[in-house]
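A.B. asks: This is what each chain is made of:
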Amino acid sequence: DMKVTQMPRYLIKRMGENVLLECGQDMSHETMYWYRQDPGLGLQLIYISYDVDSNSEGDIPKGYRVSRKKREHFSLILDSAKTNQTSVYFCASSLVRVGNQAPLFGEGTRLSVL
Amino acid sequence: GDSVTQTEGLVTLTEGLPVMLNCTYQTIYSNPFLFWYVQHLNESPRLLLKSFTDNKRTEHQGFHATLHKSSSSFHLQKSSAQLSDSALYYCALSERINTGNYKYVFGAGTRLKVIA
Chain F
1 DMKVTQMPRY
11 LIKRMGENVL
21 LECGQDMSHE
31 TMYWYRQDPG
41 LGLQLIYISY
51 DVDSNSEGDI
61 PKGYRVSRKK
71 REHFSLILDS
81 AKTNQTSVYF
91 CASSLVRVGN
101 QAPLFGEGTR
111 LSVL
Chain W
115 GDSVTQTEGL
125 VTLTEGLPVM
135 LNCTYQTIYS
145 NPFLFWYVQH
155 LNESPRLLLK
165 SFTDNKRTEH
175 QGFHATLHKS
185 SSSFHLQKSS
195 AQLSDSALYY
205 CALSERINTG
215 NYKYVFGAGT
225 RLKVIA
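The listed protein sequences correspond, in order, to chains F and W.
In terms of this note's numbering, the first sequence has 21 at position 21, counting the first letter as 1, and numbering is strictly consecutive.
If you want this note's numbering, it's the position in the second sequence, counting the first as 1, plus 114.
Just so you know, not all the hints are guaranteed correct.
[Unchecked claim] Some chain W residues well away from chain F (every beta-carbon gap over 12 Å; in silico):
{"hint": "1", "residue": "Gln153"}
{"hint": "2", "residue": "Ala222"}
{"hint": "3", "residue": "Ile229"}
[Unchecked claim] Partial list, derived from the structure: chain F residues whose beta carbon lies under 10 Å from chain W:
{"hint": "4", "residue": "Asp26"}
{"hint": "5", "residue": "Asn84"}
{"hint": "6", "residue": "Phe105"}
The hints are simulated quantities; they were obtained by calculation from the structure and are not laboratory data.
These numbers come from a predicted model, not from an experiment.
The beta carbon of each residue, even a glycine, is placed where N, CA and C say it ideally should be.
Put together the whole structure using the sequences plus the hints.
C.D. replies: Here it is in structure tokens:
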């Protein structure tokens with residue numbers, strides 16, 4: 001069953017704490033993404049990874065970094081979280097490096113930074 | 115970079131009326147790939163339909179859309195709205211970054227609310 005799994009689903013952190021969001025997929029997809037979703041702004045691309053250790057900044061990378069050491073796993077790290085990073089974060093993956101393969105999304109992680 | 119513009123905000127319809135959610139895009143690529151995603155409350159976005167062929171109607175689950183390159187549009191339509199269609203709808207475009215690599219650009223989303 002094709003699936004993108006995100007952990008945790010809900011997270012509450014204090015400002016200044018470090019945050020680790022994890023994403024896994026079991027389809028051997030090459031490309032993985034991290035998006036954040038905010039009302040009125042839609043889905044904004046934070047980072048994209050084309051394979052292990054091949055990561056590129058998306059449209060809003062500031063304040064985030066990523067790690068991809070295995071093809072099936074992609075992490076999003078917030079060093080010293082800020083309150084404006086409160087959002088819903090979605091991980092997604094797609095099969096191959098062609099533009100017609102629509103990304104498959106995980107269930108999302110709802111992060112609150114207090 | 116590429117961009118996608120959707121009908122803004124909230125669209126409220128009475129059940130049984132036709133649905134039309136607008137999507138226009140900007141890209142320098144002559145062969146764009148366009149997508150519609152649907153996201154129900156507390157769920158993740160899931161693909162509704164996609165197209166890369168000019169002037170060809172694509173249908174899925176009662177919804178349809180036609181890519182018109184001449185007007186850079188990919189509007190989502192349905193003949194008769196159902197209460198279960200209430201959701202957030204995203205139009206998206208795949209943007210070619212370089213050879214072999216793409217990223218997906220999403221519009222701001224249109225929330226559809228269907229009332230009885």
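A.B. asks: For each hint, tell me whether it holds in the structure or not.
C.D. replies: The hints, checked one at a time:
no.	hint	verdict
1	Gln153	9 Å, violated
2	Ala222	4 Å, violated
3	Ile229	21 Å, holds
4	Asp26	16 Å, violated
5	Asn84	18 Å, violated
6	Phe105	4 Å, holds
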